[in-house]
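Participant: Okay, here's what each chain looks like letter by letter:
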Amino acid sequence: MRWILLNVLLLVSIALGAAESILKFDNEKQQQTYQQLITELRCPKCLNQSIADSNAGISEDLRNLVYEKVKQGQSAAEIKTFLRERYGDFILYKPEVAGSNLILWFGPLVLLLITVAVLWIRFRARLQLVESTLTDQEQQKLQQLLKKDADIEVEKSNSRSE
Amino acid sequence: MTDLEPNTKQAKPLVGFAVPVIILFVLLAGFFINALFDDKPELPSMRQNKPLPDFSARKLLSQEVIHSKDIRGQYWLLNVWGSWCPTCYLEHPYLMELAADGVMIVGVNYKDNQEDAIKFLNQRGNPYQFSFFDPKGHIAIDLGISAAPETFLISPSGEVVFHRIGAMDKNIYENIFLPLMEPKS
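Protein chains in written order, with the working numbering: chain A, 1 to 162; chain B, 1 to 185.
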């Protein structure tokens, strides 16, 4: 049993090693660029997959293209520009933080800040209103009126209960 | 007076709250309904209304190298096809009809192997003046192809007038392609 398990593990590791060695890069940075690019580019055929996830023919071709260009020493930005000329912004699975996309990235935050600012200004205005409207004299007058009112209420309830 | 005052004070913030909420609701509803009925093409074509990109490849049926600049002088259909592509079988009879009517069609044989491609043409007929042989799909990426079949309408000056993603049929040819080919008055 143990022997079988060991063999299976050996086979699996050989298979994994083989899959790894298909693509060879000059250095680690190239490999990172490649890995990152294929997850950030969208498959034109399957819409909701990156070209890393997709098995469609066009994704395979695009992966090969990215690989070739990375090997030639092109930067991620250069490769993205190349593909955008052909497939448009659509090809970028991770939208750029630039241009009209800025509205999408920061619009909600700006709206939130405006809302908070408006509420803050209105709240402060209301506080000042309450604090500043009545002078001492008026306060006295108000208290008198309230007292009078309360007296009347008391009288009324007394007359009702009788 | 004493009875009225608390009432107005309560009503005011309620209105102040309800109005923006109603406006927001109407805006959102409008946005959603608009999005629901706005039938955008899934893929925006980057090639439409731009010159056909430069590319060259050997012909499928000979060793002769042809260039995209050779597709000039009159309206051409450029059709991306492959013997592996089911929809290409579907549209093929109509392409044969168009070719018989004198429409100039050039093919891009896409990600195919030569043997299968030639067999396809021998068995079903060849509607193409010639086909670019593009086994690795390089031309396809230059054209912004997502899958076969796709058909481009190329003007006499070499501009892409229309990019059709999917099968070509009579309806699309007569209602979209033909009006685009009429001389502008």
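Think of the hints as simulated: they come from the structure by calculation, not from any bench.
Do not rely on the hints blindly, as some may be mistaken.
As the list claims (entries may be wrong) - Computed cross-link-like contacts, DSSO-like style, restricted to lysine-lysine with a CA-CA straight-line distance of at most 27 Å:
no.	chain 1	residue 1	chain 2	residue 2
1	A	K71	B	K50
2	B	K50	A	K69
3	B	K170	A	K45
4	A	K71	A	K45
5	A	K69	A	K80
6	B	K170	A	K71
What you are looking at is a predicted structure, and each value in this text was computed from that prediction instead of being measured.
Participant: Hint by hint, say whether it matches the structure.
Facilitator: Evaluated hints:
no.	hint	result
1	A/K71 x B/K50	violated (30 Å)
2	B/K50 x A/K69	holds (25 Å)
3	B/K170 x A/K45	holds (24 Å)
4	A/K71 x A/K45	holds (25 Å)
5	A/K69 x A/K80	holds (11 Å)
6	B/K170 x A/K71	violated (45 Å)
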